[in-house]
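Could you build all of it, start to finish, from the sequences and the hints given here?
Going line by line, the protein sequences match chains B and A.
For the first sequence, the numbering used here gives the first residue as 1, with consecutive numbering after it.
For the second sequence, the numbering used here gives the first residue as 1001, with consecutive numbering after it.
No lab work stands behind these hints: they were computed from the structure.
Some hints here could point you the wrong way.
Calculated Cβ distances over 12 Å to all of chain A for the following chain B residues [as the list claims (entries may be wrong)]:
1) THR118
2) ASP310
3) LEU368
4) ALA369
5) ARG380
Computed footprint of chain A on chain B, listed as stretches where at least three residues anywhere in the stretch have a Cβ under 8 Å from a Cβ of chain A [as the list claims (entries may be wrong)]:
6) 131-139
7) 157-169
Values in this document were obtained by computation on a predicted structure and should not be read as measured data.
Glycine is no exception: its CB is placed at the ideal position from the N, C-alpha and C atoms.
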Amino acid sequence: MSLPRAAGRLLARSWQQGLRFYSAAAPSPSARLNLPIDYKTTPLLHHTPSSLANSLELPKNASTKQINLYQAINAALRTAMSASDKVILFGEDVAFGGVFRCSMDLQMEFGSERVFNTPLTEQGIVGFAIGAAAQGLKPVAEIQFADYVFPAFDQIVNEAAKFRYREGTTGANVGGLVIRMPCGGVGHGALYHSQSPEALFAHVPGVRVVIPRSPSQAKGLLLSAILECNDPVIFMEPKILYRAAVEHVPIESYTLPLSKAEVIKPGTDLTIISYGQPLYLCSAAIAAAENARKGLKVELIDLRTIYPWDRQTVLESVRKTGRAIIVHESMINYGVGAEVAATIQEGAFLRLEAPIKRVAGWSTHTGLAYEQFILPDVARIYDAIIQTLDY
Amino acid sequence: MASSLVGRWVARIPRRPHAVLGAVRWNSSISQRPGSDHVRFPGAVNSKFTSEMTFSRPSTMTAMPTYRVMDSDGVIVDTSRGPPDVPDEEVITWYKNMLTVNIMDVIMFEAQRQGRISFYMVSAGEEGIAVGSASALAPEDVIFLQYREAGVFQQRGFTLKQFMSQLFANRNDSGLGRNMPVHYGSSKLGIYTISSPLATQIPQATGAAYALKLQALQNPNNPPRVVACYFGEGAASEGDFHAALNIAATRSCPVIFICRNNGYAISTPTLEQYRGDGIASRGVGYGIDTIRVDGNDIFAVREATKEARRMALENGGRPILIEAMSYRVSHHSTSDDSFAYRARVEVEDWKRRDNPIIRLRKWLENKGLWNDELEQQTRNELRAAILKEFNAAEREKKPPLRSLFTDVYENLTEEAEAQRQELKRHLEKYPDEYNLNDYEDGIKGL
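In structure tokens, the structure reads:
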């Protein structure tokens, strides 16, 4: 495993140089839907402090700073470490700042006892974190890529998730634990730098699975996971957004609720449920569809917490719109969409006017040259909207 | 290694304004000096060059010796050394603790055979490792176990009622009847609840030890504490063992790894488990101070653990490995018939020849502290006490049914609450299909 991962680190550097079009990911010159996401104009990001002030959940009248997603993660980690000396940060290569710069300058600020490198062993990192959390610390463990979390699967599924349950009345638990990992497609990550294993963890009672969509969401949700949540949290960061997504973020400390979805854009005709980076694709597809069909209003929901998830917000929306599409990068088979669709079918059966549609990764691996055909894109989401409306 | 070297290379790319490419030298930087007789490769800085090509061969190395204090007749081997540094009464307590576990094992093994509990695992032959090591730890030290260490619980003050409540999964079990028998736990005694997956506790112990170290640094009023972590030689083949010892060494964690090498992992003999010099030789490879002890010699186990504890706290902390040699006299568990893979005569031989209880009994008798009459009287008392709790525990109700949903998360999720309601609706509709009265408060307990 070590050789590809080393390659991953070098790739990570190249991703940080800015948006690059590799041959496999170059847009078609004639494309009208599958255009590169313009993060500078997307309505999903707070491009001005005033749009941030209008957000219901974020602090009012806050001083803000324009930062990207990795800087938001870095800010959240700094805030958490300042707030509690129980917070420690470790993983592979976190000491020099991390291969994605998320832990930049933190060792200098908080010392090598609280921010440190571990040997290269994912099962060790998570096992170590569980022990530290059991003793009352708030360990934030980093897995360098979500693709490499599988050696730690046993520690997460059999140990972290079941710790509180098996301890019963002794009260011992690992609620302070947070496991961060970059996830998702990035255009050229191929088999082992693209995966989104959230559905695997969503099948595990005892852990919370969180995926933010933007810098302001990332900061609030991560601070919530570290400082407030007493359950182990798997925090997945869409790595394609680390540098791309830039917005105004409150400088002060704030938290966002876990297990609470957010209606990003209200609508009456169709509900799209997604999370992480595909929300930007959904937003673009909705804009195209609403442009093509005058009067169409599509509701867009960010799940934010994959499990335990906010079933009420989703059901309320679909009971209103009567139509639902679920979008995610990870494979369609047994994916998050399956659970959401089944829940909608059970909870809004009489209101459904069309089959629930899932737009997700095909049930294959992410071959390097094929990524644009495997992961959902604007055209596929647009098509799903039209199909669902015309059913 | 390859990977971390790449990481280091990446680290040299300047990213702070004051850093100029090539001008920054990191503390860890090492370069080869011309003419040096020592390796200056960063991965092994103390190695000398040699022009003689020799492979290091484990077969030519002397096996690590096994430390013992008394022989199998209970006689102190080195007569020049003083008596063990514990009062006689304490040694008698150890003896009674070993005997308690032993008698409980016989009763509970039989109880499983009668179908009164679902499962059991005895500690026969390994009582000395558990009791001896636990006696050398401070009460505030933290303990992670595998499952064959009932003596640690007994030595720390776990009550017979607690043992029996867990085994019968009744309403007094701290695990709320959720775990298989023998998966004991007690936060009051500083022992985490046992889980079945092997070796998972080893990196956890390392992390817990790091937490103790950090807490001692942040608050010097905290007493220095160590973590003790127990596992078998089979579990040491798991990746978690490797991960744990390596991190413990690199992060200097005050943790004592105690390996019970009893010769078998279920049916697998050590010859099929490893080809090196046991588990102890690996400790050295991780840069961990290591000792092998005679696990049937409670004095040797205690002394090694006591010294390990002192060393583990030295200079800010570090890990120590103890490999305690013994023989698994019993079947692996109640689900195992060990005569399917080893000769009955071999087991009988070990039972007769040497075990920690008989050895300490001989020492006590040699000192005039014990005799047949005391032995019989003590055995009768212990048996009666165990059976009393056995009968009481067997009659207790199971925990309330709601315990099946609680503690998955800190709070019941909306989904779990809906499932609880659904189960309740179902049980109310089909009450005759279930033994609801076995559970505290019946359906109301849901």
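For this session: Establish whether the coverage given for the segment 157-169 of chain B by chain A is satisfied; the threshold is a Cβ-Cβ distance below 8 Å, and no fewer than three residues must meet it.
Result: Holds: 9 residues of the segment 157-169 of chain B have a Cβ under 8 Å from chain A.
Problem set entry | Coverage criterion applied to the segment 131-139 of chain B (partner chain A; beta-carbon cut 8 Å; 3 residues) | holds (count 8)
For this session: Evaluate the condition: distance from the CB of B:ALA369 to the nearest CB of chain A exceeds 12 Å.
Result: Check passes; 25 Å lies beyond 12 Å.
For this session: Evaluate the condition: distance from the CB of B:ARG380 to the nearest CB of chain A exceeds 12 Å.
Result: holds, 30 Å
Problem set entry | Least C-beta distance between B:LEU368 and chain A, which was stated to exceed 12 Å | holds, 20 Å
For this session: Could you let me know if the closest chain A CB is still more than 12 Å away from the CB of B:ASP310?
Result: It is violated; B:ASP310 is separated from chain A by about 9 Å at its closest Cβ, not greater than 12 Å.
Exercise. B:THR118 clear of chain A by more than 12 Å, beta carbon to beta carbon?
Worked result: It is violated; B:THR118 is separated from chain A by about 6 Å at its closest Cβ, not greater than 12 Å.
Consistency with the previously given hints fails for numbers 1 and 2, ordered from lowest to highest.
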